[in-house]
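Engineer: Take the sequences, apply the hints, and build the full model.
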Amino acid sequence: MSKKRRIGDVEEEENDHSPNLAPYQFAFRVTMPNTPSSSTNYASLSSSNVFVAPSPQSSQTSARPAKKARKTTASAQQSETTVRSYNRRADKTAAIMKLLTEDRHYHLGDFLQDIFDPSKNEQLSNTAQSAVGFWLKGSSREGTRPAEIVDAIYRHPAGLDRDGSIVRRANFLDLTPPAKPPTFASTHPSETSLLPSRSGSESLKAEQVNSRQGLEELMVRGTLQLVDREANILTSSENGLKRSAGMSWDELENISRDEQEQQIRTSGPVIWAILSTIAFSRTRNSDPAQSSGIRDAALATIMAILMLLSFRNPLVNFFQAVLTLFLFSCNTGKLVYQALNRMGQIATDELATLAKRAYECAAGLREGSNYYFMLVFDNVNKFHLARKQTVGSKSRMKNGTAATAIRLEDVPLGAFDPRPYWEQIKSQARNALNIDTLLDDIDPICLENAGAGLVMRTLLLYIPSLPQRLRQEVEARFRSLDGYAIHRLRLRKSVTLSMGTSNINESTADGVSKILHDLVTTQMKMLASWFNKILILVGGDQLTIDRLRKVRYFRAIENNIYESRSWAIPLIQLWHMKVAYLRSIFKIHWFDKTSSNLFGLRQSMQAIGRNNSTEFYPCHYAVKTVFEGMVLTATYTLLQQNAGLDPEPTDSMLLELGKHFAVGSRYHDCSLSDFEQLARGVYRRYMTTEGFHKTLKCTGPGPLTSKDWVKATIFQKFNCYEQDSNYTANTSTGPERSSSGDDQLLGNMVLFMRDAFIYLEMASAIPEGDIGRVYEVTKLLRFFFWGSNATNYGNELLEMACGFLYEYPEKLRTAILNNWLVNPSGLAGHWQECDFFQEHCNKAIKTVFNTKNSEWDSQFLRNSVSVNITHLTQLRDTVLKFLGVGSVGSGRSRPNYSADINVLASHYLRENVFTFRPGRSQEVVATDMFHEGLNKLSGGALSQFLERTQWDIEDINPEFSQPLSEAADEEAPMNIPEQALVVEEGALLEEEIQLE
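So for the sequence shown, our numbering puts the first residue at -1; every next one is plus one.
Honestly, I wouldn't trust all of these hints.
[To be verified] Label-pair restraints from in silico Cβ distances:
hint, residue 1, residue 2, range
1, Q336, K879, 26 to 32 Å
2, A337, H515, 39 to 45 Å
3, K879, L306, 21 to 27 Å
4, I532, W949, 18 to 24 Å
5, E613, F858, 31 to 37 Å
6, T91, F309, 21 to 27 Å
7, N252, T330, 21 to 27 Å
8, R255, T520, 36 to 42 Å
9, G107, A298, 41 to 47 Å
[Claimed, not checked] List time: in silico PhoX-like cross-link candidates among lysine-lysine, alpha-carbon distance up to 20 Å:
hint, residue 1, residue 2
10, K844, K380
11, K844, K332
12, K841, K396
13, K118, K135
14, K380, K392
15, K934, K585
16, K531, K809
17, K585, K622
18, K844, K396
19, K396, K380
20, K879, K240
21, K396, K386
22, K396, K512
23, K934, K777
24, K424, K934
25, K841, K380
26, K424, K531
27, K512, K523
No lab work stands behind these hints: they were computed from the structure.
Note that beta-carbon positions come from the ideal geometry of N, C-alpha and C, so glycine has one too.
Structural biologist: Next up, the structure:
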């Protein structure tokens, strides 16, 4: 039965069964007087600097009743007592300290040295060794463990040296990096000392070994050894940080800040703690959300560690390699490289390694039977300005070619078998092409679906009272094959491989032939014998494709299939085609004359304060804004008329239009079916050729979706135009009064809305990845390009019609449609035209490598820069994301065009533009591109095209090998814009710039 503790006892009763005592606890024996008198003055004894052990019986508070004294011999003058005999902990300590202070030649330090000196451990008894080990491993009571004791020593006031009120600190003057390797402490733990090094018999000063300055230096030396060990781990080849040797673009593009920080924190916690202590301020707000716009201390810590480790081991330079490539992609000056290289922030000669891997990838693209690819190339040029001209150095434009190989996806088996394709070519199947075939190929139902969808998207964009449910249902229609979708591409990230640049001029047929040889043979290492069994898609703008066709015609006499270039399938790309059609819209609807009563694109742009421009996006947004203003005003007019009201002029048309969808109105919380029916009414009345015909006296009504009626109406319209001398194109001069009952003003507006709808449908379908909708637009452009005198594109679209209708086998058609667009990001709504992607690569090459006196086939530019240009461009975004700058999805600014729409609507409503008024004339009447194109094709252009493109070797003209100038109808191309068009939530937007 346990004994009760008396009230007032400080220490618990200690017995052999106490859990706080080790079974091998020291049993100090203290020689004491038998019974010290109660009058003993302990204070006087202690003043003699000698610990006096009190008698166990004289404790102020007895822990247990006094036992009966044992009998002693008469000669005994003193009794032998153990530490266990004392009850209070203070008494035990006093007893032990008395022993340690009795001998002037054996002090506390000697005692501790004998206990803890590794060389003297064997001199201790087994019990003592066990007790020391038990304590050193931290197994004793809380507050008595080694680290706690050292901490108490460090904090003890007796160890402080002061200069007045200031405590002296260690000066750390003799600190040096550890002399032994990091593994020495693990292999020779007993030989690793944290004391200052000394030479010979030199003794250490008291401040170097005392409890304050000495321990501070000791702790720092221990820290240095830990830092040395962690640095060794971080730079090791097994578990250390990444190295640039053998790195690939996949590793570069997937570099993660979180991964780097986590590895450093895990393998080098002391290093991280030291540098972060320097970097982080306790006085500032450390919230990353509030400090990210200023500076990032954690990022600085990572960068400092990576920089320092590269000096320890130059091979640990993965991030330095990334930073080097990033600076190179930003066209950084050489002086910056020299400065940063001196500080260990960059690495050199990384592009050459990546270039070798890029060529290996390009060669590997052709090895597997499952991989097909398309080659896209375009001219690249840069003006060389010779500041000091000589005979050998003059200012000139340096022309070359840049190319990209795009891996094809979703290719049907056997799609690129050349035999079915050439059987169709040799059978002259294209001779069956005629006007009826071209008209039958147009699908009015698909066009109406697209037109109604565009009207609904426009209404949803500008009328906030429409329910969100409608937006979701409309977008679902565009995604569904049961709705408006025709051929949506599988969402994927396209695999693109940049090829080496060359000095070859692609504006000639011979140049295109040499480019193909350079790409497939020199760079991709393909054998000539392989081309007997394959076809390869070759894409480019109209000029490139035209020259490629001429190459095929001119080299058809070659017996070798490779040399004949018959394996190259020309595929015109869509960016330049879209721009050419946008240019046609301005050519037709930008009237040279200006008048208060003349309505058109120019007058509408002037109303909202915009001018004509040669840049793409100003032209794009001009057409888009004017079109949206017309659609919304036409919808308002139609709703007012259906309600029996006049569309009165107003400066806040959008507000008035919103009332038709407010509570209590017919279309409040309407169903998708009712909303779609309204949109179809707007489309049929104001955005179709039929709607334009209704503004003329000679056109009767008919069902829009009937192909037979469309053809009948078109040919009836021929006769009307031939008989109506009052109809003039937009080159007419002087005012004319229409006595035939035509409404020329409304006719101009309907033609613009129809033409703009075709453009916006193409512009929206491309980023959405619905190549089926894009292809439907090209069926109309076959006529529109001929009608706007863009005959080069007109001829090329006839070639495309021959291919899709007669010459391409079904599997080849599917493969082409599945790969006509490219998606570099893999994001929905971010599909691009392949030639747009190539133009951006060209611009990046010129931006990154701006050495004026270098040729396009120079060793470094061709073999290191151009083959890595796609990855260099993507790396910029990766590094910026790593740095926390310009993160993707940080917010997109959508300009509010509501004021522009209201201004346009007021402009239109004052003249009742969208109300049919017979006899209303215009000084200039826009050309109907569809009618004019149909007229030209029927008048002989189609038959001439078929005759000219017969695959007959004897009819090949030798002039095809000579450089040919562009036709006069082609204008200077628009500059490539910085951002692609994207579609988000149904809105056609300009892709956001990540960093200003």
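Engineer: Now, for every hint given, state plainly whether the structure supports it.
Structural biologist: Evaluation of the provided hints:
At about 27 Å, the CB distance of Q336 to K879 agrees with the hint of 26 to 32 Å. Separated by about 44 Å at the C-beta atoms, A337 and H515 satisfy the suggested range of 39 to 45 Å. Look at K879 against L306: about 24 Å separates their beta carbons, and that is inside 21 to 27 Å. Checked against the hint of 18 to 24 Å, the C-beta distance between I532 and W949 comes to roughly 20 Å, which is consistent with it.
At roughly 33 Å, the beta-carbon separation of E613 and F858 lies within the given 31 to 37 Å, and the hint holds. Taking 21 to 27 Å as the suggested C-beta distance range, the pair T91 and F309 does not conform, at roughly 52 Å. N252 and T330 have their C-beta atoms about 23 Å apart, which keeps the hinted 21 to 27 Å range intact. Distance hint for R255 and T520: a CB-CB separation of about 40 Å, consistent with the stated range 36 to 42 Å.
About 45 Å separates the C-beta atoms of G107 and A298, a value consistent with the hinted range of 41 to 47 Å. Between K844 and K380 the alpha-carbon distance is near 7 Å, which keeps this suggested pair within the 20 Å criterion. Pair hint K844 plus K332 holds up; C-alpha atoms about 17 Å apart against a cutoff of 20 Å. Of the supplied pair hints, the one linking K841 and K396 holds, its CA atoms being roughly 14 Å apart against a limit of 20 Å.
This hinted pair checks out: K118 and K135 have alpha carbons roughly 18 Å apart, not beyond 20 Å. At roughly 14 Å between alpha-carbon atoms, K380 and K392 fall within 20 Å of each other, so this suggested pair holds. Taking the CA atoms of K934 and K585, the gap is near 18 Å; set against the 20 Å cutoff, the hint holds. Pair hint K531 plus K809 holds up; C-alpha atoms about 16 Å apart against a cutoff of 20 Å.
Restraint check for K585 and K622: the C-alpha separation of about 16 Å stays at or below 20 Å, so the hint holds. The straight-line distance between the Cα atoms of K844 and K396 is roughly 11 Å, inside the 20 Å bound, and the hint therefore holds. About 5 Å separates the Cα atoms of K396 and K380, which keeps this hinted pair within 20 Å; it holds. Distance hint between K879 and K240 is fulfilled; the C-alpha atoms sit about 19 Å from each other, no more than 20 Å.
For the suggested pair K396 and K386, the alpha carbons sit about 17 Å apart, so the restraint of at most 20 Å is met. Distance check on the hinted pair: K396 and K512 sit about 18 Å apart at the alpha-carbon level, within 20 Å; holds. Restraint check: the Cα-Cα separation between K934 and K777 comes to about 16 Å, which is no more than 20 Å; the hinted pair holds. For the proposed pair K424 and K934, the alpha carbon gap of about 28 Å is over 20 Å, so the pair is violated.
Of the pairs offered as hints, the one joining K841 and K380 holds, with about 10 Å between alpha carbons and a cut-off of 20 Å not exceeded. Straight-line distance between C-alpha atoms of K424 and K531 comes to about 17 Å, which keeps the hinted pair within the 20 Å bound. A hinted pair counts as satisfied when its Cα atoms are at most 20 Å apart, and K512 with K523 qualifies at roughly 15 Å.
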